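Visitor: Sequence:
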Amino acid sequence: MKTILFLLILLTSGLTQDNSSVNVYRIETETGIEIYANNSNLYPVTLEYMVEYENLKPSKGLPLVQVLQPNTEQKLMDFEYSNLSAGWDYSSRYRYYMGDINVRHNDSFAYRLPFPIGEEYLLTQGFNGAFSHQGELPHALDFAMPEGTPIYAARHGKVVMMEGGNTKGGPTAEFMEYANFITIMHDDGTFADYSHLKHRGVNVQPGQRVRMGQLIGYSGATGFATGPHLHFVVKKAKHGGGFISIPVQFATRKGIGELQAGESYIGY
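Sequential numbering from -4 applies to the sequence shown in the working numbering.
I should point out that these hints are in silico values taken from the structure, not numbers from a laboratory. If you're wondering where the values come from, they're calculated on a predicted model, not measured in any experiment. A virtual CB, placed ideally from N, CA and C, is assigned to each residue, including glycine. Honestly, I wouldn't trust all of these hints.
Per label pair, the in silico range of CB-to-CB distance [what the hints assert, rightly or not]:
no., residue 1, residue 2, range
1, Q255, P58, 41 to 51 Å
2, A256, S86, 44 to 54 Å
3, Q69, K249, 40 to 50 Å
4, Q209, N97, 24 to 34 Å
Take the sequences, apply the hints, and build the full model.
Guide: Listed below in structure tokens is the structure:
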């Protein structure tokens, strides 16, 4: 009898997947099959692994959900031969996602405003903004600022993705893929995106550790943008792929709290 099983290994990424960076493979032994996986990304991932098998006994309950940490290799499970003389059959396919779906954000953490201390900028669109902050990532912020404004890390973390070579930008969704950006993974496994940076406006490298308040890039208007601004969002991986945005608070001269659209804030 053929059985179908699903092994879910969830990566912390909702971007286009590249199966060369996550690999699932098997090793045949005298008693069965050992299943291994490696993740060569700078971030954790979540994997969905579907298997069809005959005359094999899995070592774990299925479906299996497991997070692969960055740059690691690990054994996932075993399949024991049920009746070797009768032969066996096994085939599999998988997909994965960026991020660890089990992370928990510290909602009491106060982020740093991501622009120079003492300079003032208007928040043109806040959480649940009607123009573009809807859907799965509603808790995003847009700060209007001239192109070339220095951008600083709002929290400690590691640079896991970036793009700085794009030159295009415009007010329609067709420009979305051309945004220059930096994605930083925080120590709790959440991510922050800093988007619409200027051409060659990225000042960090993948894998680099950054501290809160460190210069990371320069604002611009690349991608889906009606004008120069910084788009900032904190997010975490969700089950099945993609992300959920997180409402965060900032330390300002008025105290610690959520920022409000239409208000101006001074770097603090």
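Visitor: Regarding A256 and S86, is the given constraint of 44 to 54 Å on their beta-carbon distance met?
Guide: Given a distance of about 52 Å, which is inside 44 to 54 Å, the answer is holds.
Visitor: Take a look at whether the Cβ-Cβ distance between Q255 and P58 falls inside 41 to 51 Å.
Guide: With Cβ atoms ~43 Å apart, the hint holds.
Visitor: Is 40 to 50 Å a correct range for the gap between the Cβ atoms of Q69 and K249?
Guide: 47 Å, holds
Visitor: Taking the beta carbons of Q209 and N97, is their distance inside 24 to 34 Å?
Guide: 28 Å, holds
Violation of the numbered hints given earlier is absent; every hint is satisfied by the structure.
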